[in-house]
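A.B. asks: Given next are the chains, with one letter for each unit.
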Amino acid sequence: MPSSRTIAPEIQYASLAQQGETAQIGMWVFLVNETLFFGALIFTYFLYRLSYPSEFAVAAKDAVLWCGSTNLVLLLTSSLTMVLAINAAAQGRRSEMVAWLIATLALGFLFLGFKGYEYFEDVRDKVVPGLNFEMKPGEAPAGELFWVFYWVATGLHAVHLSIGIGLILYMLLWRIRRGEITPTYYAPLEVVAIYWSFVDAVWLFLYPCIYLVGRS
Amino acid sequence: MSIAAFEPGAEPAADVESSNYLTARNTIASWLLTRDHKRIALLFMASITFFFFVGGFAATLMRMNLATPGGLLQPSVYNRMFTMHGIIMVWFFLIPSIPATLGNFFIPLMIGARDLAFPRVNLASWYVFNLSGLVVLFALVMGGADTGWTFYTPLSTEYANGYVFAAAMAVFINGFSSIMTALNFIVTIHRLRAPGMTWMRLPLFVWGVYAVSVVMLTATPVLAMDTFLLAVERFLGVGLFDPSRGGDPLLWQHMFWFYSHPAVYIMILPGMGVVSEIIPCFARRPVFGYAGMVVALMAIAVLSFFVWAHHMFVAGISIYAGVVFSLMTFFVAVPSAIKVFNWTVSLHKGAILFDAPMLYALGFVLLFTLGGITGLMLATLAVDVHVHGTYFVVAHFHYIMVGATVSAFFGGLHYWWPKITGRLYPEIWARFAAILMYFGFNLTFFPQFVLGYLGMPRRSYTYPPEWQSWNLLSSAGASILAVAYLMPLLYLGWSLIWGRRAGPNPWRATGLEWTIPSPPPSGNFEHTPHVALGPYSYDPERGRYISQDGTSHAV
Amino acid sequence: MLLMAGMSLLTAFLRMGVWAPVLEFTIAALQVAILFILFMRLKGPPSLRWVFAASGFFWLLFLYGLSMTDYATRHSWPTQRVEIENPRD
Numbered sequence: 001m002p003s004s005r006t007i008a009p010e011i012q013y014a015s016l017a018q019q020g021e022t023a024q025i026g027m028w029v030f031l032v033n034e035t036l037f038f039g040a041l042i043f044t045y046f047l048y049r050l051s052y053p054s055e056f057a058v059a060a061k062d063a064v065l066w067c068g069s070t071n072l073v074l075l076l077t078s079s080l081t082m083v084l085a086i087n088a089a090a091q092g093r094r095s096e097m098v099a100w101l102i103a104t105l106a107l108g109f110l111f112l113g114f115k116g117y118e119y120f121e122d123v124r125d126k127v128v129p130g131l132n133f134e135m136k137p138g139e140a141p142a143g144e145l146f147w148v149f150y151w152v153a154t155g156l157h158a159v160h161l162s163i164g165i166g167l168i169l170y171m172l173l174w175r176i177r178r179g180e181i182t183p184t185y186y187a188p189l190e191v192v193a194i195y196w197s198f199v200d201a202v203w204l205f206l207y208p209c210i211y212l213v214g215r216s
Numbered sequence: 001m002s003i004a005a006f007e008p009g010a011e012p013a014a015d016v017e018s019s020n021y022l023t024a025r026n027t028i029a030s031w032l033l034t035r036d037h038k039r040i041a042l043l044f045m046a047s048i049t050f051f052f053f054v055g056g057f058a059a060t061l062m063r064m065n066l067a068t069p070g071g072l073l074q075p076s077v078y079n080r081m082f083t084m085h086g087i088i089m090v091w092f093f094l095i096p097s098i099p100a101t102l103g104n105f106f107i108p109l110m111i112g113a114r115d116l117a118f119p120r121v122n123l124a125s126w127y128v129f130n131l132s133g134l135v136v137l138f139a140l141v142m143g144g145a146d147t148g149w150t151f152y153t154p155l156s157t158e159y160a161n162g163y164v165f166a167a168a169m170a171v172f173i174n175g176f177s178s179i180m181t182a183l184n185f186i187v188t189i190h191r192l193r194a195p196g197m198t199w200m201r202l203p204l205f206v207w208g209v210y211a212v213s214v215v216m217l218t219a220t221p222v223l224a225m226d227t228f229l230l231a232v233e234r235f236l237g238v239g240l241f242d243p244s245r246g247g248d249p250l251l252w253q254h255m256f257w258f259y260s261h262p263a264v265y266i267m268i269l270p271g272m273g274v275v276s277e278i279i280p281c282f283a284r285r286p287v288f289g290y291a292g293m294v295v296a297l298m299a300i301a302v303l304s305f306f307v308w309a310h311h312m313f314v315a316g317i318s319i320y321a322g323v324v325f326s327l328m329t330f331f332v333a334v335p336s337a338i339k340v341f342n343w344t345v346s347l348h349k350g351a352i353l354f355d356a357p358m359l360y361a362l363g364f365v366l367l368f369t370l371g372g373i374t375g376l377m378l379a380t381l382a383v384d385v386h387v388h389g390t391y392f393v394v395a396h397f398h399y400i401m402v403g404a405t406v407s408a409f410f411g412g413l414h415y416w417w418p419k420i421t422g423r424l425y426p427e428i429w430a431r432f433a434a435i436l437m438y439f440g441f442n443l444t445f446f447p448q449f450v451l452g453y454l455g456m457p458r459r460s461y462t463y464p465p466e467w468q469s470w471n472l473l474s475s476a477g478a479s480i481l482a483v484a485y486l487m488p489l490l491y492l493g494w495s496l497i498w499g500r501r502a503g504p505n506p507w508r509a510t511g512l513e514w515t516i517p518s519p520p521p522s523g524n525f526e527h528t529p530h531v532a533l534g535p536y537s538y539d540p541e542r543g544r545y546i547s548q549d550g551t552s553h554a555v
Numbered sequence: 001m002l003l004m005a006g007m008s009l010l011t012a013f014l015r016m017g018v019w020a021p022v023l024e025f026t027i028a029a030l031q032v033a034i035l036f037i038l039f040m041r042l043k044g045p046p047s048l049r050w051v052f053a054a055s056g057f058f059w060l061l062f063l064y065g066l067s068m069t070d071y072a073t074r075h076s077w078p079t080q081r082v083e084i085e086n087p088r089d
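Protein chains in written order, with our numbering: chain A, 1 to 216; chain B, 1 to 555; chain C, 1 to 89.
Worth double-checking, as some hints may not be accurate.
Said to hold, decoys possible - Stretch by stretch, here's where chain C covers chain A in the computed footprint (C-beta under 8 Å, at least three residues):
1) 25–38
2) 194–204
Claimed, not checked - Pairwise CB distance ranges (calculated):
3) A/GLY155 <-> B/LEU32: 28 to 36 Å
4) C/MET4 <-> B/PRO521: 50 to 58 Å
5) B/LEU489 <-> A/VAL123: 53 to 61 Å
Source of the hints: derived by calculation from the structure; they are not laboratory data. Ideal Cβ positions, reconstructed from N, Cα and C, are used throughout, including at glycine.
When you get a sec, could you build the whole thing from the sequences and use the hints?
C.D. replies: The following block contains the structure:
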């Protein structure tokens, strides 16, 4: 998109408002697809958990609860900072918007940091199916399915979060720096925010799936 | 990229008056970086044509092999050929065929928009498609996968030797392309309709593509997750489908068919849309029961998600589930039958013109009906146990996917060719090819119904000698079919340079796409059109027709 | 939201039997609903967004519900319960 001019809608839109609204709808349509993507994965989880409740309970005890919980808090907070960034954008408080976006970014990186540490713990705990796995008493053999799910789900979630971080960086370093986000047209930022919150929502579902099983 | 060699549209001479989407800035870069939906449609056309002939080549080898019981190919090569034929034809030709080419080109034109909602996403979709195409070509060149296009576990995860990982990844990446295209269509149809273009004034082709987009958007991610898990399992040796750890191999099939049964409708729904455009135009009659057609399209789209396990009746699923899925499958027949009935009634009292698009459309209706009726036979639990995994199934789905969908694709291509290129194709040759295709198709696949009923299993490189005559008939039909598929490439290519110039509306059709010059200018519409009425206002009694923008014309 | 997260964590440690997961997932669903409606600005026009936000979950019901017709009634499932344990390694 050419910069330095005032922002004009693309040729297929009658107005910027229509363009922005359509972009948001587009993200929602994309989220339908994402819902089904993660939903299908969680379906496999439900199926196996219902079939092997005790094995899953034993296996899931090895999940690092404090990492998962901290990460949940981090992500929820980051959704909040994201919304605050949008409010600032809507009211034209540019430096505040940038500050909130940087806060969101920091929380995202922190999440990945904790996640990385958790993976490190997992490797030490020998719960990496296929590469470094040791059956604990009581979980054989279905407990390994739990850990396959764990790695696939958290791995894909981390990929999504990294894409989210990339999008925020793109907003900060490109769109905002070039003055393309204005109080009249901040839809791109909102699209990113919708995506970011969705990644958060995925974690909200994964959290009880992974960390709260077999604790009592 | 091997695709670039097929760059179309380079031919039109510079003497085409003023500037249209083909002539405006005609450099390689302007094509490869274009955001114009019309150019992207042609890029897709080049890619899928290439893959059609790659997949067709595999089919040729298969039919040559089956001409004699002794065969021509090594059994393992035969396995790889039918697998690659399936994968390429399903994901690299049939699924993008009509939506990504004709849909891409005509959805904005038919709803009065100047482009799709997200042109860059549209272009990205083409690049992702080609990326997945390169991966599948890599898998093919390295020797191919040998699991069948269905990748059933544990064959695919443990026992198969071929490049299953690469093939599965190609399918995974290809999914992103479908999703991007589908997303674009859904948003465009929701948000960018011209003033007055209400939902019930949309041409049925738009409805068909809308229905198909919904299916693509909601089914593809499940397949994506499924293939991802498959890749994990194949790569690490541990996975969710592994029975030795309590996993269920049938779960792969459940999730695979949750996508792949709707995928059959992904292939057929846009074909239904195309035929619903062609039949009223060449019968000069309004389509019978427009609202019924719309409801039937959407009903098929939704019902398609309720029937997947009818592929798994003999796979070991619960008998009660079998009953549920069998019943649901019968329900799909209702909207399908409504559509066939409405097309037929639309012909009644029409002044039918047997131009090439109409021949293809009529062929579609007949082949779809045959494929649909045999589908009901397969939906019946008891019959399915008998013919499951035989050539009966092969013939059934080829009637739907090849007979019907490819007919519709060629019908649409001929119908809109004057609009796309500004040139008329040679009518005699086109009619000849249409009839030849119909004839060749039936000769190829009808014997396979018989073979299947006799019990010949699919995916087998050999068979008892007493079945040779039927197999020979089928192979002979396939060679005729191959000629019929090659012919349009020649005469349509010829027409690019020597074809007569088409006016804006050679078929005297009513859609908005026919109110602008052929080929259309880069921005489609000079002024946003105002839509006054629904499609198909053909009035044979008074010899008039009314375009959707409200202008009335004498025939 | 954080409060609900805490509640969810608490339920995991109380001895509630089968109700613990039910409660946990109810809380998760509520949290997601709040997230969608407030943070992702679902409220307010156009209502089309509601349709799309809901349809993904609606479509998942097809997958869950119809697959369960099989798993709930298939008599050789779960395999490991039927064939006694047969771990490969």
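A.B. asks: Each of the hints needs a verdict: does it hold here or not?
C.D. replies: Hints versus structure:
For a cut-off of 8 Å, the count of residues in the stretch 25–38 of chain A with a CB near a CB of chain C stands at 9, and the three-residue condition holds. Judged by the Cβ-Cβ criterion of 8 Å, the stretch 194–204 of chain A is covered by chain C as claimed, because 6 of its residues qualify and three suffice. Between A/GLY155 and B/LEU32 the beta carbons are some 34 Å apart, a value that agrees with the proposed interval 28 to 36 Å. Under the hint 50 to 58 Å, the C-beta atoms of C/MET4 and B/PRO521, about 56 Å apart, fit the expected range.
B/LEU489 and A/VAL123 have their C-beta atoms about 56 Å apart, which keeps the hinted 53 to 61 Å range intact.
In the structure shown, no violation is registered for any of the earlier numbered hints.
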